[in-house]
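Produce the complete structure using the sequences and hints provided.
So for the sequence shown, our numbering puts the first residue at 591; every next one is plus one.
No wet-lab data here; the hints were simulated from the structure. Treat the hints loosely; a few may be bogus.
Said to hold, decoys possible - Distance windows between CB atoms, simulated:
no., residue 1, residue 2, range
1, Pro-609, Arg-674, 21 to 31 Å
2, His-703, Ser-665, 43 to 53 Å
3, Val-647, Gly-702, 47 to 57 Å
4, Gly-621, Val-687, 30 to 40 Å
5, Thr-691, Val-656, 28 to 38 Å
6, Tyr-592, Arg-706, 31 to 41 Å
7, Asn-652, Ala-595, 22 to 32 Å
8, Asp-617, Arg-690, 32 to 42 Å
Said to hold, decoys possible - Keeping only pairs whose Cα atoms sit at most 20 Å apart, straight-line, the calculated EDC-like set for lysine to aspartate or glutamate is:
no., residue 1, residue 2
9, Lys-620, Glu-593
10, Lys-630, Asp-658
11, Lys-622, Glu-593
12, Lys-630, Glu-642
13, Lys-619, Glu-642
Beta carbons are placed, not taken as given, at the ideal position from N, Cα and C, and that holds for glycine.
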Amino acid sequence: MYEDAGISAKDMAHRPARPEFQKMLADMKKGKINYIVAYKLDRVTRSVRDLEELIAVLEKHNTYLVCDGDDVNTSTANGRFFVRMLTVLSQLEIEIVSERTKFGLNGAIKSGHLPRYYSNRL
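Put into structure tokens, the structure is as follows:
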């Protein structure tokens, strides 16, 4: 079992931040595992780019991703299509939240309120 508790799946590009995930991929490449099981897809990745990279590695090593909470299984063409659609939606959600946060922070600053933990001292 591999668990990176409390670490975001937003971006697999930050590989050092997910040591257990990297260990799992290394074990997969050694042929130790042929299925990766996760509760939900957004616990694995929320990035379309990272998902495509992951699917390519999985296919190269005859390994499949199964996410019970999302009814995902990449062993079929329909399963790979569905996992891609879920990831597009997850990435969209992240981008919308980011835009709203930036908009809210800019509005607060323009109205003279510094965001929490910010200081006007340099």
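Verification of the hints:
1. Pro-609 to Arg-674: 21 to 31 Å: Check passed, 27 Å falls within 21 to 31 Å.
2. His-703 to Ser-665: 43 to 53 Å: holds, 52 Å
3. Val-647 to Gly-702: 47 to 57 Å: Cβ of Val-647 to Cβ of Gly-702: about 50 Å, so the range 47 to 57 Å holds.
4. Gly-621 to Val-687: 30 to 40 Å: holds, 39 Å
5. Thr-691 to Val-656: 28 to 38 Å: holds, 33 Å
6. Tyr-592 to Arg-706: 31 to 41 Å: Given a distance of about 35 Å, which is inside 31 to 41 Å, the answer is holds.
7. Asn-652 to Ala-595: 22 to 32 Å: Holds - the Cβ-Cβ distance for Asn-652 and Ala-595, about 29 Å, lies within 22 to 32 Å.
8. Asp-617 to Arg-690: 32 to 42 Å: For Asp-617 and Arg-690 the Cβ distance comes to about 39 Å; the hint holds.
9. Lys-620 to Glu-593: Roughly 19 Å between the alpha carbons, so the hint for Lys-620 and Glu-593 holds.
10. Lys-630 to Asp-658: holds, 7 Å
11. Lys-622 to Glu-593: With a Cα-Cα distance of about 17 Å, the restraint between Lys-622 and Glu-593 holds, given a limit of 20 Å.
12. Lys-630 to Glu-642: holds, 17 Å
13. Lys-619 to Glu-642: holds, 17 Å
No hint from the list above goes unmet by this structure.
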